[in-house]
Amino acid sequence: MSAAVDRYLALQKELVLPGRGLSWIDALRNEGAHHFKDVGFPTMRDEDWRHTNVRPIQKREFTLGNSAQDELDNDSLSKSALTGLDAYRVVFVDGRYCKALSSLDGLPGGVTVESLAAAVAADTDEVRETLGSIAPKHRSGFIALNTAFVDDGLYLHVDDDCVVDKPIELVFFSTDTAEQLIQPRNLFIFGNRSSVQIIEHYVCGQGSVYFTNAVSELLVQDSAVLQHTKLQEEGDKAFHVGGVFMHLQAGAQVVSNNIALGSLIGRTDLQVALKAEGASCDLNGVYFANGRQHIDNFTQVDHEKPACKSNEYYKGVLNDRARAVFRGRVVVHQDAQHTDAQQQNKNLLLSADAEVDTKPQLEIYADDVKCSHGATVGQLDEAAIFYLRSRAINEATARSLLTYAFAADLISRFSIPAIRSRVESVLSSKLFGGSQMEQLV
Amino acid sequence: MLSIRNLHASVAGKPILRGINLEVKKGEVHAIMGPNGSGKSTLANVLAGRESYEVTQGEVFYRNSNLFALSTEERACEGIFLAFQYPVEIPGVSNIYLLKAAVNARRKHQGMSEMSAVDFLKMVREKIKLVEMKEEFLHRAVNEGFSGGEKKRNEILQMAVIEPTLAVLDETDSGLDIDALKIVANGVNSLRNEDRAFIVITHYQRLLDYIVPDFVHVLAEGKVVKSGGKELALELEKQGYKWIEKEPAAELRV
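Protein chains in written order, with this note's numbering: chain A, 9 to 449; chain B, 8 to 261.
It is possible that some hints are incorrect.
[As the list claims (entries may be wrong)] With a Cα cut of at most 30 Å, we get these calculated DSBU-like pairs of lysine-lysine:
#1 B:K189 - B:K141
#2 B:K189 - A:K438
#3 A:K245 - A:K21
#4 B:K115 - A:K438
#5 A:K245 - A:K145
#6 A:K354 - B:K107
#7 B:K245 - B:K32
#8 A:K317 - A:K283
#9 B:K141 - B:K115
#10 A:K354 - B:K237
[Said to hold, decoys possible] For the chain B half of the interface with chain A, some residues (derived, Cβ under 7 Å), not all of them:
#11 A55
#12 F68
#13 R113
#14 G235
[Unchecked claim] Distance ranges between label pairs, derived from CB positions:
#15 B:K129 - A:L115: 23 to 31 Å
#16 A:Q387 - B:R147: 20 to 28 Å
#17 A:A391 - B:S154: 17 to 25 Å
#18 B:S181 - A:Y373: 49 to 57 Å
#19 A:D133 - B:P98: 51 to 59 Å
#20 A:T51 - B:E121: 50 to 58 Å
#21 A:E122 - B:K129: 31 to 39 Å
#22 B:D186 - A:D348: 27 to 35 Å
It should be emphasised that the hints constitute simulated quantities derived from the structure, not laboratory data. Every residue gets a Cβ at the ideal spot worked out from N, C-alpha and C, and that includes glycine.
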């Protein structure tokens, strides 16, 4: 066990976390602490972390226990806002729920939004039973670290049959307080036949060195319809590790959009368990990385019951010395006859120094299933560039256009226009230095 | 308009063109024929500026300036158009977008403002009739999933929309059935005028029944070995290329 682990465990003992003294939350945190003590930070010897080195995270001494900030200069917050997005907004500043900056006017009565800290302290049956039951306890030390410190984040409950008219955007805003560890913990419960769009949006001010270690647990009940978008736009010196864990019940339909644009080292674990017949999920993912960014997406879909569908499509564009990792694991359990599982990962490398490690992985224990997977890594087609240039389009524009064209079919899957335009403008600014793309799109 | 003087070019270190001479004046249609491997497509690609084709000797002047000083896109802006033997599929880029980008890039080069969306669409709708393509093709990705004939017609559509000064057609007839061949030829003929020149590269005489050339040149082993009028194509059809290859290389001044 490393000194870094000791340090965090000592900090955990000092902090007065919400609901302390309630036996179930104390037990949950202690379990996290014990597991973290056992496994520590993952290393590259760990199969699930083979291509991602988290030593830069481990060796820094991040601080915890930030106090609530109700005041925030509104400019830095509005700078990161998604242009043209009409949504309910829940704002967290350095991981703390900030009511004053949130806007929930007109939210349907069937929706409960509160801080997780308050929900834990309120000690309801639902929170007690659900919190910690969806995120796999032994997946990695990062989940354990988050669980050891369960503090604040979002608690969202949507009643049966409730249809929410606009997306609910959760803004996780990091101020410029250096060297802090922010650990949002989110719990979502979507009632039977409810319909909701969620955006988990990670942003920051000027961009100091900080570390977000987030865990979201989502319970999607019978025939509920959920669109969950994770938009990771952390600062360029920041570290981001985030887990999104979902349980889908009978007939539940989920569209997950996983968009990684920011952070120096960014890792998302997205795990979807199809727990009952007829559940389905579409997992769309896109990542653009430049400079020395390292972006890792680890996804897993568990087909536990018959007649479920999953369709995963991830695309990445890498420039400079950027590196990406994609792992797509699909497990078809013995019971899961008539599974339909498709998976694709495509990567475009714009520089000779960029690198991607992609590993689709199918494990099938049922015999009557339809599954496919595939991965590609390629460069821009020089023949296509020449073709465009021979039509008077200059070389830089031709390259931008082909890169945009590579990503376009994925971007078009994002049904919220404000998300699409943010992704397009980041693609243009990160990979082509700005304005050029705007004329193209 | 175009003056090719003692042009030598190599592909991957292998000499392909070994001293081409050719003069093309405005309003003229030149057919270039020759057996496989004679250098026809290399000539087309060198004129368009493909970088994998290395010019080792000689000069080409286009409208009195050095062609090799211009990049591929500058040549296109200056009015050179290559209809590809194998048009490239470009998933994710629509045909109409490509046409618009091409037209506006040239207009910008000429110091003109961009064409309005309405005028542009009107013009394209007019031109697409010429090649008997359905309008839905405009909104499909460039050449993606097109049949061989559709790709070639799409090249002619681009040519019609771009209105080049010098069009080089690289085996546009290959793989076409007779109906498609007529459509393509009709598209070319409708663009013929006194200011525009064409270089039509073909392996078969058949195309020249529909696009009647002013001059026919025969290429063999990277040189023009014979030049003549349209009757030369008929002669070739009867006697085959063997007949020509026996002749000594001809110096040509038209």
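Hints, one by one, checked against the model:
no., hint, verdict
1, B:K189 - B:K141, "holds, 17 Å"
2, B:K189 - A:K438, "violated, 48 Å"
3, A:K245 - A:K21, "holds, 29 Å"
4, B:K115 - A:K438, "holds, 27 Å"
5, A:K245 - A:K145, "holds, 29 Å"
6, A:K354 - B:K107, "holds, 29 Å"
7, B:K245 - B:K32, "holds, 29 Å"
8, A:K317 - A:K283, "holds, 12 Å"
9, B:K141 - B:K115, "holds, 29 Å"
10, A:K354 - B:K237, "violated, 52 Å"
11, A55, "holds, 5 Å"
12, F68, "violated, 20 Å"
13, R113, "holds, 5 Å"
14, G235, "violated, 30 Å"
15, B:K129 - A:L115: 23 to 31 Å, "violated, 49 Å"
16, A:Q387 - B:R147: 20 to 28 Å, "holds, 24 Å"
17, A:A391 - B:S154: 17 to 25 Å, "holds, 19 Å"
18, B:S181 - A:Y373: 49 to 57 Å, "holds, 52 Å"
19, A:D133 - B:P98: 51 to 59 Å, "holds, 52 Å"
20, A:T51 - B:E121: 50 to 58 Å, "holds, 56 Å"
21, A:E122 - B:K129: 31 to 39 Å, "violated, 58 Å"
22, B:D186 - A:D348: 27 to 35 Å, "violated, 43 Å"
The structure fails hints 2, 10, 12, 14, 15, 21, 22 (numbered hints given earlier, in ascending order).
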